[in-house]
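In mature numbering (1 follows the signal peptide of the UniProt record, and there is no 0), the protein residues as written are -19 to -1, 1 to 280.
Rather than coming from a laboratory, the hints here were simulated on the basis of the structure.
Ideal Cβ positions, reconstructed from N, Cα and C, are used throughout, including at glycine.
Among these hints, one or two may not hold up.
Derived CB-CB ranges, DEER-like [unchecked claim]: (1) 228 x 81: 31 to 41 Å; (2) 231 x 60: 44 to 54 Å; (3) 170 x 67: 24 to 34 Å; (4) 70 x 115: 37 to 47 Å; (5) 83 x 259: 30 to 40 Å; (6) 40 x 271: 22 to 32 Å; (7) 230 x 118: 40 to 50 Å.
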Amino acid sequence: MFARSALLAVLSSAALVAAAPAAAITDTSILNYALTLEFIESAFYEQGLDQFSDIDFVLAGFAPWVRGRFTQIHAHELSHAEFLTSQLQALGVTPVQACTYSFPYTDVQSWVTLSMTLEGVGSAAYMGAANFISDKNVLIASQSIAQVEARHNGWVSSAVNQLQPWDGPYETPLYFSQVFSLAMGFVVECPATNPALPVSVFPALSISNAAPASGDTITLTYTSNAPNNAGQTYLAWYSGLTTIFTPIVNGSTTVPDGLLGTVYAGVVANQSAQTGDATIITGLAVFSFPFGAFAAGNA
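All chains should be modelled from the sequences, with the hints used to inform the complete structure.
Structure representation (structure tokens):
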């Protein structure tokens, strides 16, 4: 089996492709950003379902009905992409086109694990974008999709992987460039005619231990392109509506207490609230802190 910790290590160190200069944040650029992410998810499910049969899922230890549910999720992602495309066309805006993708799974188990991560990031992306949407109809539509993505993530985590069905009492919002820097690790090439998105691409972040525990020291590896990176930097841990900052000393930091479920982390230049690109130094790493049914704290 392809362990979740190994998969998250692949995600955090994925190579990034070049992106066009960031577009202004508008409702239409947000719609194209969302469409870009939906194309990634749609391609992921199409490739995996084409590759793995019902028998492959059973041989991997999954119940016979599991692949059928993933087929339904694939249909949802296709519907999301079609909806966003139609909305952009109705507004007279050119929709982005699908890219060529490559995904780091090797078998059914690693594909299922990556599905859980993609759905979690998708939900977080819609939540993070909500703060910048002005048209309430666009906002409602985006949150409708976000709710479904979160349900997908919870189903894969609990019913399929036998893990916790949620990460805590609050979901985690992620912002444009944080999500995009992670998602671009799956992109091989995009059409040159695709319109610019409201994002920048930040260097990938590699972690010495992708499945640490509270109190562990982890080593961070990344290439900094931040001109003001001479001072103190921090690893920002995004968990629900809480961000915890741990200082980075000689390339290492300590895992804080109280982290449950899926947690995202990225290197930042200071401890200010993260709603834009001003303090970002790297893309995100994804961590998993599983907990049982009797976990204390905010479970």
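Hint-by-hint comparison with the structure:
A beta carbon spacing of about 40 Å between residue 228 and residue 81 agrees with the range 31 to 41 Å that was offered as a hint. Our hint of 44 to 54 Å for residue 231 and residue 60 holds, since their Cβ atoms are close to 49 Å apart. Evaluation of the 24 to 34 Å hint for residue 170 and residue 67 yields a pass: the beta carbon distance comes to about 25 Å. Range check, residue 70 to residue 115: about 20 Å between beta-carbon atoms, so the 37 to 47 Å window is missed.
Our hint of 30 to 40 Å for residue 83 and residue 259 holds, since their Cβ atoms are close to 31 Å apart. Range check, residue 40 to residue 271: Cβ separation about 25 Å, and the 22 to 32 Å hint holds. At about 48 Å, the CB distance of residue 230 to residue 118 agrees with the hint of 40 to 50 Å.
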